[in-house]
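Q: Sequence order for the protein chains is A and B.
Per the numbering used here, residue 1 is the first one in the first sequence, and the count goes up by one each step.
Per the numbering used here, residue 1 is the first one in the second sequence, and the count goes up by one each step.
These are computed hints drawn from the structure, not numbers from a lab.
Any given hint might turn out to be false.
[Claimed, not checked] Covered stretches of chain B, as calculated for chain A (at least 3 residues, CB under 8 Å):
id: 1; region: 34 to 47
id: 2; region: 247 to 255
[Stated by the list, open to error] Here are the simulated SDA-like cross-link-like pairs (lysine to any residue), alpha carbons at most 25 Å apart as the crow flies:
id: 3; chain 1: A; residue 1: 292; chain 2: A; residue 2: 59
id: 4; chain 1: A; residue 1: 135; chain 2: B; residue 2: 33
id: 5; chain 1: A; residue 1: 135; chain 2: B; residue 2: 29
Predicted, not measured: the structure shown is a model, and the values here were computed from it.
All C-beta atoms in this analysis are idealised placements derived from N, C-alpha and C, irrespective of residue type, glycine included.
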Amino acid sequence: MSSLPDATTCYELLARMTLIRRFEEEAGRQYQRAKAGGFLHLAIGEEATIVGTASVMKPEDYLIGTYRTHGHAIARGTDPKRVMAELFGRVDGTSGGRGGSMHIFDSEVRFMGGYGIVGGNLPIAAGLALSSQYKDEDAVTVCMFGDGASNAGNFGETMNLAALWKLPIFFLVENNLYGMGTAVERHSAQTDLSEKAEGYGIPGERIDGMDVVAVREAVAEGIRLAREEQRPTLIEAFTYRYRGHSAADPEVYREREEVDEWRQKDPIETFAKRCIEEDVLGEKEVEAVREKAEELVTAAVEFAEASPEPALDTLYENLYVLDSDAWYAVDERSPELHRGEREATMPDAARELAEAGAAYAEGEQGERPNPAVHGDAELGVPPEVAEEVEDEPEEAEA
Amino acid sequence: MAELRMREALRDAMSEEMRRDDSVFVMGEDVGVFQGAFKVTEGLLDEFGEKRVRDTPISENTIVGAGVGAAMGGLRPIVELMTVNFSLLALDQIINHAAAIPYMFNGQARVPMVIRMPGGGGHQLGPTHSHSLEALYLQVPGLLVACPSTPADGKALLKTAIRDDNPVVFIEHESLYGNRGEVAGDGDEILRFGEAAVRREGSDVTIIGILKMAHVAEEAATTLSEKHGIEAEVIDPRTLRPLDLDTILESVRRTNRAVLVEEGWPHGGVGANLATLITEQAFDHLDAPVQRVTGADVPMPYSRRLEQAAIPHEEHVVQAALAALEGAI
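Whenever a hint applies, use it, and build me the whole structure from the sequences.
A: Spelled out as structure tokens, the structure:
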């Protein structure tokens, strides 16, 4: 086992992982309250892989992820307030309420996005790395994706391009054992995902994604190879999400024993314990980390609650770049879609119609029925499964 | 001014912009050593080298996606896809990513890239190399769509597309690559997107055609004048997004009749869209139903006879114009 880094680093690693854990738990709660909409993919259990990776990146490096990336943005330095506000669909969210949970983005910390299409981020990662290589910049692109994405055509295409062009890129597959509800051995003929890119000239390595120190070491070397030798590599980090694929997942595909088994390897608990045992951090500091996380997450929810809803007249904003340095961007006469003469000649009537449409958002704000708990006729979840899931204990407090 | 073929005009647009701006580069299948499947990138590799003229593997979605990422990283990629049909393999990156990213990340990322693709029938390339999918890209908010019909427009619009900060789908027509025309020399001759060209003035009927059909529309107008004494106004929109609807509506309000010509399929086509816009905004000016001339509603057949039967020709346009004028002449 690798030795622990210095106390400051350990404190920071623990603080980030704890913050992400608390953030995700709270996001789940806010989803139940219907404050967050759409799909919600939580990374509870995967914190060591996320934080370990981000902790060895330089500020100029790019990080690009999937639809499960609240934690990735936070690990990179995005204010959790802005991530929570995005989940709430508010103007102070990372994407001003246009992206939602699956599309977190923060250019200031070079977090280059959450992407809702499985494998959709892979070619873009290659392009980001190409831009660094082209401009002779020092930046490395770190591309994280799930085990399911290793079956997408983009995986092979991107691995080939990265190796062929010797791009400054590093790949990390977050293998949480399931592509949605399909277990790795049921979705991938080659279950050793670290070998999947070898035929393209990209060597791989398997690591324990629940051990933040192991992740740091392996990723640091991968980034070094990309930066100094232009050699893309792939790391398969074994990790586990305690919660379902999304908040709307009845989890009929796995046994509770399996979840419990992984909880024993909890990345935060084990790391905190080790830090105390090896006398790097004290009980007090670990407690302080928890309190700080609680404080930040409470503030994030308050911030998100207070942030305004997007104004209706911003509906078309940022669809096109209108202040382009180029000679000409979009014709100012028709950047928006045409709805007939009425919109042009009767702007008040058009605005009233927009408000009438938006009024449909004002439905009941009560508890969101959770298919995992209440069953869902459309999903065909049998009631006994629903009951079983209902018994699931709360996450162990980190 | 010089007389150039369309392919040369497009190449000059790229090479001039590459000389002007180091961040502009070209990538695609066989654009370098092979000099382009349609020889549009001829000579670029020699002048600019492998860093800026990049041959890629046959991985359309990843080529476009790498272009998206490179654009987000501050470059200005020109991605060549060998045909419009092949662009279907890249629809995920074009629609889910290139078009959506500026909006879904609320302006934090820009995607200044050009995706060039030739389409259209006439070379017996059958159902996987000959389609006209302007309507598909026209439908996507976030994209700009250009479809030049002359070498001068091709060069000027491509230069604009390269300089623009939005993702541009730049559709070329395989049958027009060899067409010659007067083209402006190296300079800053660019053309605003959203400015239609009135190719011929007339007061009896408005004929609107794109790409190769812009030429067919002009030929039909000549025949209408010579054989039927009908003066047609011919408009080439040149870009579909943004669309110069003002010029089109102004013309239709004068002629009171419209014929829309495209090589693409009829259902949900460019003409279908345009007919709706005209009906919505100039209904009271119409003296006859809007007429459409489109490609046949089939995958493009190989047989020369069948292929030509599936593509609109001058006669179809003349007949549609006469139908629009029925009772008035």
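Q: Each hint: holds or not?
A: We went through each hint and held it up to the structure:
Counting residues of the region 34 to 47 of chain B whose beta carbon lies closer than 8 Å to any beta carbon of chain A gives 0, which falls below the threshold of three, so the coverage claim is violated. For the region 247 to 255 of chain B, the stated coverage by chain A is not satisfied: 0 residues place a CB nearer than 8 Å to a CB of that chain, which falls below the threshold of 3. Note on residue 292(A) and residue 59(A): the hinted pairing holds, with a Cα-Cα distance of about 24 Å set against a maximum of 25 Å. Among the hinted pairs, residue 135(A) with residue 33(B) is consistent with the structure: their alpha-carbon atoms are about 23 Å apart, no more than 25 Å.
Among the hinted pairs, residue 135(A) with residue 29(B) is consistent with the structure: their alpha-carbon atoms are about 23 Å apart, no more than 25 Å.
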